[in-house]
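Protein chains: 2
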Amino acid sequence: MSQTATSSSTTTSETVFTYASPRLKFGAGASAEVGHDLAALGVTRALLVTDPGIAASGVADRVAEAVRAAGLEVEVYAEAHVEPSDASLRAAVEAARAMGPFDGVVAVGGGSSIDTAKAVDLMLTSSGDLLDYVNAPVGGGRAPEKPLLPLVAVPTTAGTGAESTSVCVLDVLARKVKTGISHERLRPVLAVVDPELSATMPAGVTAASGLDILCHALESYTARPYDAFPRKEASERVPYCGANPIADMWSEKAMSLLASAFRRAYRDGEDREARLEMSMAATFAGLGFGNAGVHLPHANAYPVAGGVPDGFHPAGYPDDHAMVPHGMAVALTAPESFRFTFEATPERHLAAARLLAPQRNPGDDARDELPSVLVDLLRDVGQPSGLAEVGYAEGDVPQLVEGTMAQARLLSICPRTPSEDDVAGVLARSMHNW
Amino acid sequence: MSQTATSSSTTTSETVFTYASPRLKFGAGASAEVGHDLAALGVTRALLVTDPGIAASGVADRVAEAVRAAGLEVEVYAEAHVEPSDASLRAAVEAARAMGPFDGVVAVGGGSSIDTAKAVDLMLTSSGDLLDYVNAPVGGGRAPEKPLLPLVAVPTTAGTGAESTSVCVLDVLARKVKTGISHERLRPVLAVVDPELSATMPAGVTAASGLDILCHALESYTARPYDAFPRKEASERVPYCGANPIADMWSEKAMSLLASAFRRAYRDGEDREARLEMSMAATFAGLGFGNAGVHLPHANAYPVAGGVPDGFHPAGYPDDHAMVPHGMAVALTAPESFRFTFEATPERHLAAARLLAPQRNPGDDARDELPSVLVDLLRDVGQPSGLAEVGYAEGDVPQLVEGTMAQARLLSICPRTPSEDDVAGVLARSMHNW
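Residue numbers (our numbering), protein chains in the order written: chain R, 1 to 434; chain W, 1 to 434.
Be aware that one or more of the hints could be misleading.
[Stated by the list, open to error] Taking lysine to aspartate or glutamate pairs in the DMTMM-like style, the calculated list, with each CA pair at most 20 Å apart, reads:
| # | chain 1 | residue 1 | chain 2 | residue 2 |
| --- | --- | --- | --- | --- |
| 1 | R | K146 | W | D103 |
| 2 | W | K178 | W | D103 |
| 3 | W | K146 | R | D103 |
If you are wondering where the hints come from, they were derived from the structure by calculation, not from laboratory data.
Whole structure, please, built from the sequences with the hints as guidance.
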């Protein structure tokens, strides 16, 4: 209980936190019931949004068949882009308008498919241009005009948590910036999490998406607490309100599940209990960070993934272009980010280290505990040793710093506010984590 | 992880659980923002449902003023009955129709006000008679015709959890039976939990409502697990699906909060940190049992509270009529109920005892741990020593058994299915808990 019992009328500190989540259906076989669930939401003709990889795997077709089996019509849009941009979202909206009208949307895939579905749903229900709704100052920051069509999210990667959040992340190409559309109405009404859908993920994808889960939990657990912000007016409240007792609970549980399952799921993709626990960890972490927020490692990840140097081809991903997967991009600077934030809340950082490595004997340097636990894990799940190994050099640091500092919303939740020099230090020390 | 990794296609055990919750706004001063929250839901003219006691305390007026301050119209119905009946609900519906039309509902009070608001909202949006929607076989078991008006629940007692659940509990007078209306659409869209609203509760009310929280957490934590039921079809799923990893987490956290705060809040109602923790425990337990369900102690409570013998007047409650408060009625048979269910899941019962009394040295008899912890607590918060002290005698047991056995939905979630003789034994041993 970090909140002291002070009257709301005599304090200028925040006393209120908020929490929201989609309804959830979780378990092996849950995705077979999507047609029933859509029908219960009043849907008769659904748009299914997915990406080419998921379409090729046959998973999207299986879900589409399940929808048809319940007597609903469904049209499939299978061109969602990995790392959506304003251009890719506009293309999806145009295609949806041509195939419509629809009275519901179902997203099948990772964060890209789910975020694409959010943007399409928004533009099927509100007028104007996509950029009107993008967060200011890049976009107009306008709120949706009315409730969206019911959106059911069926995540196929245990990782992003996009099924739980109220944000759509996108690149605005002309501005060369990653930003988002963020409003409560974008949150899916139902998340259908079927661990069997993640059974075919290659080890490299399991590693990167698991690291994304890990950082969701760690960053929301160490985020600036809600009651360390100034008191907000009702109209100023945002979905991401900082660490709070409910988000903490989800994050703690997610970390315990990761401690049990992550290495097992990486080593043996057929370990169904480990897959189940990873799906649960992803969902729980999503419910935590979807209300608390993430900070420095995610802020760093945007420029790290966005400015991919030539030549890095991670195992388990398509080999046709160089990339740093999102979860890898987040995790590469995590050890040094948490060494930097340690002094803001030492007890939280130590508690996280204990949850992630309950058997470990603490070392002499408290500040080094969590970074050490993370480095052990990064090595065990086959990650590069640092930014240098994916192709960055010291000379790239200034440009990376610029990209990190642009993520003002994320940095505002950082428990210790970083200067440009602080960020440069974190990035430079992340060149070689071991 | 009680679920083993079996394929959904080769097992007849359930592999899927569901979870739903209202959005939540929690903290001191949260209730001042209700007008903004209603407006954000598109409400322009709200019905405020409360009961005479809350109206007299001035709390309902403060909330109504907050709604008006946001530019909305609001009409107040302040005649919600404690322990609603079909007659009291019909009266509320008639009054609401006369004051309408409305495009939103706000409930201010305990479970009775919130459940009355659910029923009114249902009948303002669906046609037919109230009994058409009451659970079969007492009523027609019909589903609401469409989504209800947005319902915002502002609980004023830290206890019932009605703000989290999708059920309205009522007495059907002609049938002399307590039953419910249960549908996902009845769940409030937003719960506004302001611990300052519970600051004036007398100690006796703090005790009884705290025991209700305790039994919500304990019963959902020890409920028959979701994967111990046969596999359901999509259309057969119910809001209460048995113990599951998410409900367990809420229940565990609620028990830890109770261990810290219950006795403090009872002894000193001005202890604002304790009040905050009790509000949080109530909310968390509600989010747990609202998805898992409750079992034997709540089943016993219906006849225990319903057949109140003459003469019992609990401290802290109005003195004008004899009554056994709901939380007291639940808790009086809890020690013996959990002695009965122990053998179904000994480890769960022991874990609960540890969460509730972390400092306690375990005794020799494992089966006696949880009952002993509960008896200590019941004594410390001034409860009667058993059913005898509230006026029951051995001769009343057969009639009480009949009332308990009628709660078939609750008993189906009991981890050990009780026979009539089992229930009679639990009730008889609950005459004197010490």
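K146/W and D103/R were given as a pair; does the straight-line alpha-carbon distance stay at or below 20 Å? 15 Å, holds
If you draw a straight line from the CA of K178/W to the CA of D103/W, is it 20 Å or shorter? 30 Å, violated
Going straight from one Cα to the other, do K146/R and D103/W come out at no more than 20 Å? 15 Å, holds
Against the hints set out earlier in the document, a violation occurs for number 2 only.
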